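Novice: Each chain, letter by letter, is given below.
Protein chains: 2
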Amino acid sequence: MQTLHHVGYVVKSIEEQAAGFVKSLGATWDQQITHDPLQGAKVTFLRTPGAGDAQIELVEPAGDGSPVSRFLEKGGGLHHLCYEVGDLEEHLKLIRAAGCVVVRAPMPAAAFQQRLIAWAWTREKLLLEFLEAVKI
Amino acid sequence: MQTLHHVGYVVKSIEEQAAGFVKSLGATWDQQITHDPLQGAKVTFLRTPGAGDAQIELVEPAGDGSPVSRFLEKGGGLHHLCYEVGDLEEHLKLIRAAGCVVVRAPMPAAAFQQRLIAWAWTREKLLLEFLEAVKI
Chain A
1 MQTLHHVGYV VKSIEEQAAG FVKSLGATWD QQITHDPLQG AKVTFLRTPG
51 AGDAQIELVE PAGDGSPVSR FLEKGGGLHH LCYEVGDLEE HLKLIRAAGC
101 VVVRAPMPAA AFQQRLIAWA WTREKLLLEF LEAVKI
Chain B
137 MQTLHHVGYV VKSIEEQAAG FVKSLGATWD QQITHDPLQG AKVTFLRTPG
187 AGDAQIELVE PAGDGSPVSR FLEKGGGLHH LCYEVGDLEE HLKLIRAAGC
237 VVVRAPMPAA AFQQRLIAWA WTREKLLLEF LEAVKI
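If you read the protein sequences in the order shown, they are chains A and B.
Just so you know, the first sequence maps onto residues 1 to 136 in my numbering.
Just so you know, the second sequence maps onto residues 137 to 272 in my numbering.
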């Protein structure tokens, strides 16, 4: 099981910029901004109208040494793809075998009700986030 | 009607790099590479397993002065989001009203059986492609 959950986009200020995205994407936004100290970021999610569409995640650096600060200094923008996967540890084994480098081991994420996320780089320099699906 | 159709990712060489994406994303790939001289690019599409998932489009510059050459020189990577829309001209009116700048007016696209595409920048510097849906 693997589904495109969201596309991450780094901005300077969610508060100042989210409304513009809502307008240009025709998106809906619940205005909920989550600060995750473990990720050094504030995040919020925009939903676009297509059924089953991946969400757009706006990511704003929070705190010194945020992992996205340097990306923002270079201009920000499209940053990562997040896939929801069944068993996270199993999936990380698969992607390591595919040549990816796991750069952040699984940890609970404030934005996803403490579900586990992990981060990896592909050999082609695509940054991937993996979100463990809700266990049924 | 508006659906996330694909996420565009700029690479140096589709032939050399597509297999890596297939592995790390667990994607399927029909190995069809389309050269579109109007876009100055070669493109190919990867499908990820989730039902209704947006595709990943790999984009390789083709020819002198390709619009993606400069982006590739800066490192390439995640480049644009493409939404499929009902009536393209109508949609462009909407996004202009939302403050976007249409940078390439509608033109037929080789990768989409000559369906019309157009390009726009949002104020927040997100590059959007719009693909006109098949008319029924």
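Any given hint could be a false lead.
Claimed, not checked - Covered by chain B, according to a simulated footprint, are these stretches of chain A (three or more residues, beta-carbon under 8 Å): (1) 30-37; (2) 101-112.
To be verified - Here are the computed lysine-lysine pairs in the DSS-like style, where the Cα-Cα straight-line distance is at most 27 Å: (3) B:Lys261 with B:Lys229; (4) A:Lys23 with A:Lys93; (5) A:Lys23 with B:Lys159; (6) B:Lys210 with A:Lys125; (7) B:Lys271 with A:Lys135; (8) B:Lys159 with A:Lys12; (9) A:Lys23 with A:Lys74; (10) A:Lys125 with B:Lys159; (11) A:Lys125 with A:Lys93; (12) A:Lys12 with A:Lys23; (13) A:Lys135 with A:Lys74; (14) A:Lys125 with B:Lys148; (15) B:Lys229 with A:Lys74; (16) B:Lys261 with B:Lys210; (17) B:Lys271 with A:Lys74; (18) A:Lys93 with A:Lys12; (19) B:Lys159 with A:Lys93; (20) B:Lys271 with A:Lys125; (21) B:Lys148 with B:Lys159; (22) A:Lys23 with B:Lys271; (23) A:Lys23 with B:Lys261.
Hints in this document: simulated from the structure, not taken from any laboratory.
In this text, all values refer to a predicted model and were calculated from it rather than measured experimentally.
Idealized CB from N, CA, C, for every residue including glycine.
Novice: Has the given pair, A:Lys125 with B:Lys148, been kept, meaning a C-alpha gap of at most 27 Å?
Specialist: 12 Å, holds
Novice: Decide if the proposed pair is consistent with the structure: A:Lys23 and B:Lys271, CA atoms, cutoff 27 Å inclusive.
Specialist: Judged against 27 Å, a Cα distance of about 25 Å means the pair holds.
Novice: Straight-line Cα separation of A:Lys23 and B:Lys159 no greater than 27 Å?
Specialist: 36 Å, violated
Novice: Quick check: the region 30-37 of chain A, covered by chain B? Criterion 3+ residues, Cβ under 8 Å.
Specialist: violated (count 0)
Novice: Does B:Lys159 lie within 27 Å of A:Lys125 when you go C-alpha to C-alpha?
Specialist: Measuring from Cα to Cα gives roughly 14 Å; hence the hint holds.
Novice: Against the 27 Å threshold, does the CA-CA distance of B:Lys210 and A:Lys125 hold or violate the hint?
Specialist: Measuring from Cα to Cα gives roughly 13 Å; hence the hint holds.
Novice: So if I understand the rule, the pair passes when the alpha-carbon distance is 27 Å or less; does B:Lys159 with A:Lys12 pass?
Specialist: Between B:Lys159 and A:Lys12 the Cα gap is close to 33 Å, so the pair fails against 27 Å, i.e. violated.
Novice: Measure nothing beyond the straight line between the CA atoms of A:Lys125 and A:Lys93; if it is 27 Å or shorter, mark the hint as holding.
Specialist: 18 Å, holds
Novice: For B:Lys261 and B:Lys210, compute the direct alpha-carbon distance and say whether it is at most 27 Å.
Specialist: Since the Cα atoms of B:Lys261 and B:Lys210 sit roughly 16 Å apart, the hinted pair holds (cutoff 27 Å).
Novice: Regarding the pair B:Lys148 and B:Lys159, is the alpha-carbon distance no greater than 27 Å?
Specialist: 18 Å, holds
Novice: Mind checking, does the region 101-112 of chain A have 3 or more residues with a CB under 8 Å from chain B?
Specialist: violated (count 0)
Novice: Given the hinted pair A:Lys23 and B:Lys261, is their Cα-Cα distance within 27 Å?
Specialist: 13 Å, holds
Comparing the model with each numbered hint stated earlier shows that hints 1, 2, 4, 5, 7, 8, 13, 15, 17, 18 and 20 do not hold.
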